[in-house]
Each structure stands twice: as structure tokens, then as C-alpha cells.
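Dock chain H against chain S, hints included.
For the protein sequence lines, the chains are S and H, in the order given. Take my numbering: the last position of the first sequence gets the number 285, and nothing is skipped along the way. Take my numbering: the last position of the second sequence gets the number 581, and nothing is skipped along the way.
One should not assume that every hint holds.
Stretch-level coverage of chain S by chain H, calculated; a stretch enters the list once three of its residues show a Cβ under 8 Å from a Cβ in chain H [stated by the list, open to error]:
#	stretch
1	95–106
2	131–142
3	149–158
Per label pair, the in silico range of CB-to-CB distance [said to hold, decoys possible]:
#	chain 1	residue 1	chain 2	residue 2	range
4	S	LEU269	H	GLY365	46 to 52 Å
5	H	MET396	S	ALA183	51 to 57 Å
6	S	ALA180	H	THR525	53 to 59 Å
7	S	GLN70	H	ASP459	50 to 56 Å
8	H	ASN405	S	PRO177	24 to 30 Å
9	S	LEU265	H	ARG472	50 to 56 Å
10	S	ARG192	H	ARG472	54 to 60 Å
11	S	PHE80	H	LEU361	32 to 38 Å
12	H	GLY365	S	TRP277	44 to 50 Å
13	H	ALA545	S	ALA183	22 to 28 Å
14	S	SER62	H	MET396	48 to 54 Å
15	H	ARG472	S	LEU181	44 to 50 Å
No wet-lab data here; the hints were simulated from the structure. A virtual CB, placed ideally from N, CA and C, is assigned to each residue, including glycine.
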Amino acid sequence: MIGATSLLLADSGPVIPKFGQASNCIVQNKQFCASWFVDNFNSRFAPRLVEHIELTLIAVGVGMVIAFTAAILAYKQDWFERPFSLVSAFFYTIPSLALFELLVPITGINRLTAEIGLVSYTLLILFRNTLTGLRGVPPDALEAARAMGLTSRQRLLRIELPLALPAIMAGVRIAAVTTISLTTVAAYIGAGGLGAPIFDAIQTGFKTEFVAAGALAVALAIVVDLLLVLVQRTITPWRSRRLRNA
Amino acid sequence: MHAFVDAFNFFFNHLSLMGDKIVAHLAVSFAAVGIALVIAVPLGVWLGHMHRFSFLAINVSNIGRALPSLAVISIGIAILGIGFLNVLVALVILAGPVMLTNAYVGVNEVDPDAVQAARAMGMKPRQVLWRVELPLALPLIFAGIRTATVFVVATATLATFAGGGGLGDIIANEATYGTAGVIAASLTITALAFLIDGALGLVQLAVTPRPLRALGRGARMDAMIPPNLEAGARR
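The following block holds chain S by itself, in its conformation from the complex (with noise of 0.2 Å):
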């Protein structure tokens, strides 16, 4: 489009490149322009959003594998649980942009020290949340299940995690949602996704790009909500058919 517009200028006289001619709502700056909108969604919100995407499933992943990891440790070794319970609730009460801004003089400005913050955001909810639903686990089906003759890595993965799915999806849940918020301010640390765009708004004062990047994040998060409800709906069939009885 630009080039085209450049080429027909070419034979009208000035040299000064001119890049199209703004629309009014752009040139008034209003709410939104939709149009600009979708104009420009290709090649400035979709890499993000992607990113966005990206950033937020290696953290919820990896947060995933040291929590679980820590969950069935402290469900075996009760010690356990206070050292990395306080570890972990630790990180999550530092201030996101502070905790980013206190990693960059160690890890430098780049997606690793986003991921790092990100990770250990994550950590809290994933433990507590498994670890509870382990706990949770009735006594009765434990019983039944020795009774049977299953051992211990028997009853962990046929008895317990299973039952314990609920309340660990429902961590996923919200350690997923809590780092799609967290991801935005990572732009920050320039780490990229749906975040980059808010901040280039903050330079420009370009209210549609406040807007657009702003609601691409809302509807991520509630989106990626919701998939995870119907997941956990999917995946623990028997809680949606006891509900429903009750």
C-alpha cells in the first residue's frame, strides 16, 4: 500500500515520502478505528498476540514441572511443604514490574528474565492447589485402593492425581489467566507480546492501539478461561455428573 501510494507521488513533484493518507478517526485520534484496526492486525497484533501466547504457555509449563515436582515431594515428605509454601508465596507478593525490574541487573533485559518472573509467579497456585487436592483425596478410596494390592506409584497415578484433578486444573486455570495479565506488563522488559503495543501507545498517546492491544489481552484471558473450564469439564467427567444429581 505504502509503496504504491509512493509510486504515484513520484510523478507529482515533492520527494518528501508521504505514507498514505491518514482517515479522519486516525487523525482525531478517537476511541477506536476500527478500520485501522484491521488494516494493521496482521502485521502488528497477530505476531504479538502470538508471543502473548508463546511467553504464557513455556511459564505456565515450566511452572507446572517444578510445582507438581514440589506438590507430590510435600505430599510424601510433609517438610517440605513450609520451606517452598514460603519460597513460593514470596515471589508471588513482589509487584510484577518490580520483581521484572529487580531481574534485569542480574539476568539482563530479555525474554529469559521475563520467563523467570513469570515462572515463579505461577509457582504458589500450581503448589497449593495440587498439593490440596492430593490432600483432599478421601480416605476411603485410599484404603480401597491398598486393600486391592495397588502400591504406592500405583495409587498416585490411578487414585490420587486423578482425583485430584479438579483442584489442580483449577490452579491451571488461574496460574494461566494470572500470566496472561502478568506477560502484558513483561513487554516492559521487552519481552515481547500483546504488552509492546501498550507501551508503543504510551509514546504515541494513540488511543487505538490502547484499545485494541488492551481488549486482545482481555479477550485472551477469558477466552483461555473458558477453554480451561470446558478441559476440566472434559477431562473430570464424573464431577460434572455428580453436580448435576445433586
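Same frame as chain S, but now just chain H:
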């Protein structure tokens, strides 16, 4: 590590600046918490008392929790413009849902036997609410207020991007305050979050009826499991 030493020097060399920013930060935070409290807690308590609209009460917090704070502020800039009002509105939107849901769940899940006993003693609905349901729900209600307050103090850091002031002003302005200033402000806001969390933890313990204290201690953590997991089954 040198960066952190510089940060301490910065803090003590700019005490009045830091003081001003801390005051501004707390002002916007507490204003938002206050407004959210006045709106959300009575509404949640009332809905819980009536045992109605559980779908609304619980899903409001699911959506509230899902809202990315920076995105809310960003949309707010376009609609309300830059300034205190935008920040206040955004923080109220973010703080309200947690308080609403905790208040709702707290009152809604009060042991039905206790409520029935109160009724059998001849208490009127209002007395049941004030003398039985509220005291029993207090730990959970307060857990919601505490979570929301810590969250608001943390999120108020982002207020700087909407011209709202507070410690975020220093974090977002490395050009003026240098790396030392950024780190000093980051450490200060972190300390602030811990202090407020700790202080509210003590208040929470104080407002919890003595027999319920063991329950109150875990309340903040338990609140992380979305209550709709169980709420549907229990009623």
C-alpha cells in the same frame, strides 16, 4: 550486586522524593480499596445471605481475576484519558471481584446448622446476619480484602503509565532516576507489599473469632481454589 548497593544509597539520598511517592502510591491504593470495599463487600454479604445469584457472584470473580491489569488500564486511558480517575477506576475494577466473591462464599457457606439454630432461638433474619453469619464469615471476607489490597498496592505501580503517580513513576523513568533509582523504587514497592500483607494478616487474625483461628490461617490460600468447584455441590 553493585546495583543493589547503589539502590540503597539512592533511597537514603532521596528520602523526601521516596516519601512523596510512597504517600501518593498508598493514597491511590487505599482510595481504590475503600471504594471497592464499600461496593463489593455489602453486595457479596447480601447475596450470600439470600443464597441467591451464586452464578453471578462466583463468575464475577472469575472474570475479574482473568482481566489483565495493564490491559484494563490501557483501555481506560483511551476512554477516561490520563490521570488519577482512570487509575482509580481500573484498580476498583480489579479489586472488587475478589472481595465480592469472598464475601459471598463466606456468608453463603456458613454452616446451615448454625443458621438454623439461630432461627430456632427466635432471631430475625437481620440478627442472623449480624450475629451468626457475619462473625463466621469474617475470616473469609477479610481474606478477600487482604488479597485485594495487596494486589492493588502491587498493581498501583502500573498507574504511572496512566499518569497516576506513585512509586511506578520512578520505575518507569530510568532516564531521570537512573538504574539505582529504578531498583530502589522496586525494592521499596516490594517491601511495601510485604508490610501491608503482614499488617493485614495480623488484623485478619484479630478480627477472627478465637475458635475460628485455625481456619482463618489457611483461608487466604484456600481462596485460590475457585469456589464454584464445591459451591454447586454443597447447596
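request  = Against the earlier hints, flag every one the structure doesn't satisfy and list their numbers going up.
outcome  = Hints 1, 3, 5, 9, 11, 12 and 13 are the ones this structure does not satisfy, whereas the remaining hints hold.
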